[in-house]
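**Q** As given, the protein sequences belong to chains A and B, one line each in that order.
Sequence positions in the first sequence follow my numbering and run 3 to 419.
Sequence positions in the second sequence follow my numbering and run 57 to 562.
Read the hints as simulated data drawn from the structure, not as lab findings.
Be aware that one or more of the hints could be misleading.
What the hints assert, rightly or not - Some residues of chain B that are not near chain A, with every Cβ distance over 12 Å (derived):
| # | residue |
| --- | --- |
| 1 | Thr-114 |
| 2 | Thr-156 |
| 3 | Thr-300 |
| 4 | Asp-395 |
| 5 | Gly-489 |
To be verified - Quick look at which bits of chain B chain A covers, simulated, 3 or more residues with Cβ under 8 Å:
| # | region |
| --- | --- |
| 6 | 365 to 373 |
| 7 | 512 to 524 |
Positions of the beta carbon are idealized from the N, C-alpha and C atoms, including for glycine.
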Amino acid sequence: MKRETRGVVVVGGGPAGLAAALSAVEAGCGDVLLLERDIRLGGILNQCIHDGFGLHAFGEALSGPEYAARSIDRVRTHDIEVRTGSMVLSLSRDRVLEVSSRNGYGMIRADAVVLAMGCRERTREALSIPGSRPSGIYTAGAAQNLMNLENILPGRRAVILGSGDIGLIMARRMVLEGASVEGVYEVLPYASGLPRNLRQCLDDYGIPLHLSTTVTEILGKGRLEGVVVSRVDESRSPIPGTEREVPCDVLLLSVGLIPENELSRGCGISLDSRTGGAVVDETFMTDVPGVFACGNALHVHDLVDWVSVEAAEAGREAANWAASFRRGKEPEVPASLPVKAGEGVRYVLPGRLRGGRDTVFSLRVLAPGRNRDVVLRVDGRDVLRRTFPRVHPAEMLRLAVPGKDLPPGGLVEVVSS
Amino acid sequence: MERRYDVLIVGGGVVGCAIARELSRYRVRTALLDRERDVGLGTSCRNSGVLHSGINYTPGTLRARLAVEGNRRMHALCRDLRVKCRTIGKLTVAQDEEDTATLARLLEQGIANGVPGLRILWPEEMRRLQPGVEGIRALHSPSSGIVSPYALTVALAENAVTNGVHVHLGQEVLDIRPRLPEEGGGFVVRTAAGDRFIALVVVNAAGVFADRVAALAGIPGFRIYPCRGEYYVLDKRFNGVLRTLVYPAPRPRHPGLGIHLTPTVDGNILIGPSAEYVEDPGNLACTAAILRKLQEKGRGLLPDLAGADFIRSFAGIRAKQSPPEEGGTRDYIIEDRKDVKGFINLVGIESPGLTASPAIASMVAEMVGRHLPLEEKETFVSCREGRREFFCELSPEEKAALVAEDPDYGEVVCRCEGVTRREVLDALANPLGARTLVSLKYRARVTMGRCQGGFCLPRIVRILRDEFGYDPEDYLLRGDSSPLFVGKVREDAVLRASVPAEGVRP
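Whole structure, please, built from the sequences with the hints as guidance.
**A** Here it is as structure tokens:
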């Protein structure tokens with residue numbers, strides 16, 4: 003069995019992994035290895051043939067493959083070893099990765115590891131939708147892969163459950179390919195996708211959005227024949243008597259994403275129950291020294307642009323760690339304290355803070371609202387207050403805070419009111 | 057098309073497949089018919105996968121005898137067929153004095169049935185076997201265990217085919233007509249696919265449809281009352297939480313053994329089954345009320361359980377002879393009909409049919425032997441080829457050696473279950489020729505994990521396209537009426553083959 007020792011090993015060749023690998027090599031690590039399980043780099047961006055990527059990063063509306071290509075081209079011009087078709091099966095606390103590929107099965111010991119495995123979609127089961135089990139039920143992302151990469155049409159009459167961005171984009175995509183979309187059903191009283199996707203994918207194509215409504219039964223023995231939808235009350239329980247049967251031959255689920263963290267879990271990394279990703283400090287380091295996390299494996303982002311920005315930071319920190327590790331000393335990890343997601347805030351990143359350095363906080367609010375203040379408190383003192391004309395759980399908020407405002411050992415809380 | 061056999065088995069569940077495999081030892085031309093596109097798609101794949109010890113059945117009944125004998129023979133059978141089977145023991149737990157009396161009765165019954173090693177335990181002893189169990193007493197049956205029900209059914213059928221049995225899938229029986237002695241005797245069986253099968257002996261192993269099949273042969277008077285059981289499958293992260301089976305003490309007249317947690321040989325946990333009589337034996341729908349109840353039950357026993365840990369729900373049907381107003385269970389009927397010569401009738405083979413299947417098969421073979429000479433053949437291959445373990449269960453050294461030999465082992469197709477391309481290809485090369493997504497799932501575990509195919513479905517689609525030139529319409533979930541897709545997005549699109557070139561650069 004092949005055994006190697008490497009500097010920075012990046013797990014995942016999607017936008018986060020690409021950005022992390024690039025920044026690691028730019029920060030001076032001469033031994034960066036990027037592992038991707040698919041046969042090509044780019045991750046989920048490869049199946050995202052719609053545009054709108056890169057508005058913040060490049061000031062252009064790129065397609066997914068175009069956005070990915072910019073990073074892939076840069077990776078090719080740098081001294082980064084890339085192995086595609088390589089699946090990491092496990093990661094140990096002393097940073098040994100078990101890797102399987104057609105070229106062989108081996109162990110890689112890394113000075114630093116960046117986890118960028120992305121996320122997976124919630125399934126029918128996570129929602130416990132009762133009924134039969136016919137064919138024709140897919141997550142929106144799987145349907146996107148089949149349509150855009152495999153030339154397969156999953157159905158001709160679609161119902162979409164959940165107003166997540168992928169579901170909205172797939173609603174438009176199905177219509178563009180001649181299918182009909184009976185409607186998008188959302189259990190919440192507001193849409194969970196980005197406002198721009200609601201406009202561009204539903205409004206522009208006349209696809210109805212039904213809020214406070216969900217699928218309460220699946221019908222059909224062989225192939226899907228229809229679904230029953232019901233209105234729900236404030237506690238999201240179906241209201242009896244509101245059932246309506248909607249005929250369809252395909253049901254696409256866009257009901258949330260779950261950060262992919264089986265490797266992290268196997269390695270004993272602490273996970274945050276709210277983000278589903280690792281608990282990291284402001285250097286993106288997890289509580290296993292030398293293991294960093296970024297991208298949608300860390301928390302599900304609204305825009306890929308922010309994925310790239312965060313992952314670049316994680317890659318840089320991983321390179322720094324690897325450099326000190328190579329110099330023969332296990333770098334010391336300064337103490338960190340938990341950051342509290344206070345009132346009105348669903349989660350905030352970083353989840354732990356060392357303090358004393360410039361930090362960008364990422365957060366999501368619990369509910370939509372107008373003219374909301376987001377306040378960052380250190381030891382009970384407001385150090386930053388910003389008013390947002392409009393906040394929405396679909397949109398991530400980012401707050402840059404200078405290091406001087408974040409003393410080491412300070413107790414930090416973020417609230418939205 | 058007309059085909060002639062000595063024995064025709066109707067129904068490819070675990071019982072039909074065990075009979076087929078047993079008969080494949082002998083020089084008799086045997087065929088098995090199933091209405092689905094694979095074996096085991098009915099009750100046999102939709103149960104707890106428990107190897108029962110035999111404590112729950114009235115002494116002297118067929119059920120009791122066949123359960124105990126089947127249990128005794130299951131390990132050797134599973135070893136030969138390379139099917140996972142583990143004896144982990146079972147605790148039947150009493151919560152009150154009434155339950156304790158039930159345990160005493162079960163103990164006595166179990167001893168009478170010849171179940172080995174039974175003991176009544178005090179709370180400390182039962183908690184040593186399974187921490188966290190609450191109750192005042194428990195009956196420990198050490199011979200209880202778990203087995204993969206679909207792996208066993210598939211393995212029995214595949215081994216039968218290797219030994220010369222013909223398995224005809226997609227053959228729903230429409231008509232069974234006894235032939236006159238001057239025609240040569242036996243039966244003519246017509247199927248919905250338009251085929252005719254002529255056989256001297258017909259075995260009715262049709263499970264929930266056994267009453268209908270008996271009626272087709274002119275035997276009235278049987279009625280199966282389908283009784284649905286719903287389950288949840290839990291994420292593998294709870295693997296190891298349950299070291300032994302834990303059941304509540306059974307309640308009289310309840311049509312099942314009660315909702316409980318069952319570990320599977322693959323490392324998941326099942327919650328279930330409920331018990332509810334339904335009209336239609338094909339009604340495999342899950343219901344909101346039961347799912348909610350199962351979730352509550354699961355959360356009560358595993359407080360750490362999150363929504364995403366419920367990775368699948370499913371329902372199975374018990375083939376009960378006892379109507380709802382009677383409840384409970386009745387004894388198995390396994391009869392060599394005197395009135396319809398050559399018709400061997402199996403009715404009401406509900407739990408523990410999986411456990412009893414090897415013993416049922418011997419009993420039926422003996423009945424067949426009254427009609428036909430059963431000469432053993434020297435060419436019988438009792439062991440199935442291939443590995444018992446999945447690739448992901450091997451040691452790193454073993455994995456490395458396999459990948460070096462065959463790169464298809466290095467390519468992971470199903471991320472959640474760690475299934476490799478080689479394992480998918482092996483599953484596709486099955487002797488039955490079954491190629492549906494469910495067939496692949498039951499052979500290789502693809503789509504069975506926490507993402508339920510979100511990751512591997514497109515990869516499986518590519519493998520089928522590369523290997524067999526599939527078009528979008530060719531992919532099936534489980535049968536002809538369940539196509540996965542409806543067509544192409546673009547008629548003239550050109551797709552690349554998916555197997556990567558050797559090399560490391562993108």
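**Q** The structure should be examined with respect to each hint, and the outcome stated for every one.
**A** Okay, the hints, checked on the actual structure:
no. : hint       : result
1   : Thr-114    : holds, 36 Å
2   : Thr-156    : holds, 36 Å
3   : Thr-300    : holds, 25 Å
4   : Asp-395    : holds, 36 Å
5   : Gly-489    : holds, 20 Å
6   : 365 to 373 : holds (count 5)
7   : 512 to 524 : holds (count 5)
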